[in-house]
Amino acid sequence: MTPTAAPDMLIPGVEDVVEDSARQHHGSDPAEDHTMVLNMGPQHPSTHGVLRLVLEIDGETVVSCAPDIGYLHTGIEKTCEAKFYQQVVPLTDRIDYLCPMTNNLTYCLAVEKLIGLEIPERAVYLRVLLNELTRIQSHLVWLGTHAMDIGALTVFLYCFREREEILRIFEAVAGQRMMTSYFRIGGLSMEPPIDFYKRVQNFLNIMPEKIREYENLLTGNPIWMGRLKGVGYLSPEDAIALGVTGPPLRASGVDWDLRRDMPFSGYEKFKFRVPVSNDGDVWARYTVRMEEMYESVKIAQQALDGIPEGPITADAPKIVLPGREQMKTQMESLIHHFKIVTEGFAVPAGQVYQAVESPRGEMGYYVVSDGTAKPYRVHMRNPSYATLQALETMCKGKLLADVVAVIGSIDIVLGEIDR
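Heads up: the sequence shown begins at 1 in this note's numbering, then just goes up one per residue.
By construction, these hints were calculated from the structure, which means they are not laboratory data. It should be emphasised that the depicted structure is a prediction, and the values quoted were computed from it without experimental measurement. Hints should not be assumed to be uniformly reliable.
With a Cα cut of at most 20 Å, we get these calculated EDC-like pairs of lysine to aspartate or glutamate [stated by the list, open to error]:
1. Lys113 / Glu213
2. Lys396 / Asp238
3. Lys229 / Glu209
4. Lys113 / Glu332
5. Lys298 / Glu213
6. Lys271 / Asp261
Derived Cβ-Cβ restraints for the label pairs, each shown as a range [as the list claims (entries may be wrong)]:
7. Ile240 / Gln330: 48 to 58 Å
8. Lys269 / Ala373: 28 to 38 Å
9. Ala346 / Gly310: 37 to 47 Å
10. Gly75 / Pro208: 33 to 43 Å
11. Asp305 / Met36: 53 to 63 Å
12. Ile335 / Pro90: 21 to 31 Å
13. Lys78 / Glu343: 15 to 25 Å
14. Gly70 / Asp305: 42 to 52 Å
15. Asp315 / Pro90: 16 to 26 Å
16. Lys298 / Asn216: 15 to 25 Å
We put the CB at the ideal spot given by N, CA and C, even for glycine.
Given these sequences and hints, build the entire structure.
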């Protein structure tokens, strides 16, 4: 016979949990204020099953907004401590799964800084090229899904049409469309295929016209303008106080881009403009990202034109895996390969923080080494976590329907928030 719980020991229902959450975040009982608590997500088209928002609403007006995260927690940071340094690279793909190569780059730069390892110029240029292609395809996902949330389905189809070509380029160069794991500590995993450069050039030739096509569909559309302009305002003071970075920060009037202001991976060699807007609303975040895609095309073109001849990996046989031909003909290369795979390589004791400008803002890796072949600690500073904290500031006092537009405009990825 199943025992019956006492009335005061019953598991609280969803309504109780939501109201308790509202009290915890806002210090008042919704019933006393004659407001309603609405559970938006995780089963909601705009949150994609990975985010819950506890909304307190007064009619159609949002009084407060409390994000509830954790639906994509994977424990990757702890897992890194049990892996050799090179084995961590595939884990970084899964942090922000829309820009895996940017994650690869950030982690590799951090470890290379700890080791004091210089990589060849050819690898530097290829990293920049692929990082900017990653930025474009990430912005295409943002634009397509953001437009679809507002009701513009055609733009979604067009964006994924161009993104598909970038994913095919990734597949050609890395063997994978999304979880690429192409970058390595010390360079790249392999030489790009022969037709790689031609395919990239063909894409860069058509992309500016495609961006103009998206703008023709949206920028002058009165419905699109009405849903975005004046909605979700974030002041520069609030953006800085909350740690917001990337396009949302620049859309609030703060001219800050790590590629220009704290150059990494050779970005100081490239000429580009940093788009900034002073409006601070959803419309500003839209225009900043659209202009960023044009600039990414320019950077990618400069990188493609400037790729020098030479190796793609550093001359460090005890750190970088040798090529197949070397292993077949050189006993030392075979020994190095065996030891790197089975024992890893020791990294000098120390700690380092490396930040790069990802499609969503400042992505940083804090790596601590205790002198062994496995990291003592790896912490990821992801831009989406800080940006999500600004959601209530942007939604408070706005209409319930505007919440969907605001969520789409900040372009968060819950994989990097939950980790």
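Hints versus structure:
In summary, the hint linking lysine 113 to glutamate 213 is not supported, as the alpha carbons are separated by about 42 Å, beyond the 20 Å threshold. Only pairs whose Cα atoms come within 20 Å are accepted, and lysine 396 paired with aspartate 238 is accepted, the gap being roughly 14 Å. Annotation: proposed proximity of lysine 229 to glutamate 209 is violated, straight-line Cα distance about 25 Å (limit 20 Å). For the hint pairing lysine 113 with glutamate 332, the CA-to-CA distance comes to about 26 Å; that exceeds 20 Å, so the pair is violated.
In summary, the hint linking lysine 298 to glutamate 213 is supported, as the alpha carbons are separated by about 18 Å, within the 20 Å threshold. Only pairs whose Cα atoms come within 20 Å are accepted, and lysine 271 paired with aspartate 261 is accepted, the gap being roughly 13 Å. Between isoleucine 240 and glutamine 330 the beta carbons are some 54 Å apart, a value that agrees with the proposed interval 48 to 58 Å. Roughly 33 Å separates the CB atoms of lysine 269 and alanine 373, a value that falls within the hinted 28 to 38 Å.
A hinted range of 37 to 47 Å for the beta carbons of alanine 346 and glycine 310 is inconsistent with their spacing of about 27 Å. The beta-carbon spacing between glycine 75 and proline 208, approximately 42 Å, falls within the hinted interval of 33 to 43 Å. Roughly 58 Å separates the CB atoms of aspartate 305 and methionine 36, a value that falls within the hinted 53 to 63 Å. At about 25 Å, the beta-carbon gap between isoleucine 335 and proline 90 stays in the expected band of 21 to 31 Å.
Checking the proposed 15 to 25 Å range against lysine 78 and glutamate 343 shows it holds: the Cβ atoms sit about 22 Å from each other. For the pair glycine 70 and aspartate 305, the supplied restraint of 42 to 52 Å holds, since their beta-carbon distance comes to about 45 Å. Distance hint check for aspartate 315 and proline 90: the Cβ-Cβ separation is about 25 Å, which falls inside the suggested range of 16 to 26 Å. Lysine 298 and asparagine 216 have their C-beta atoms about 21 Å apart, which keeps the hinted 15 to 25 Å range intact.
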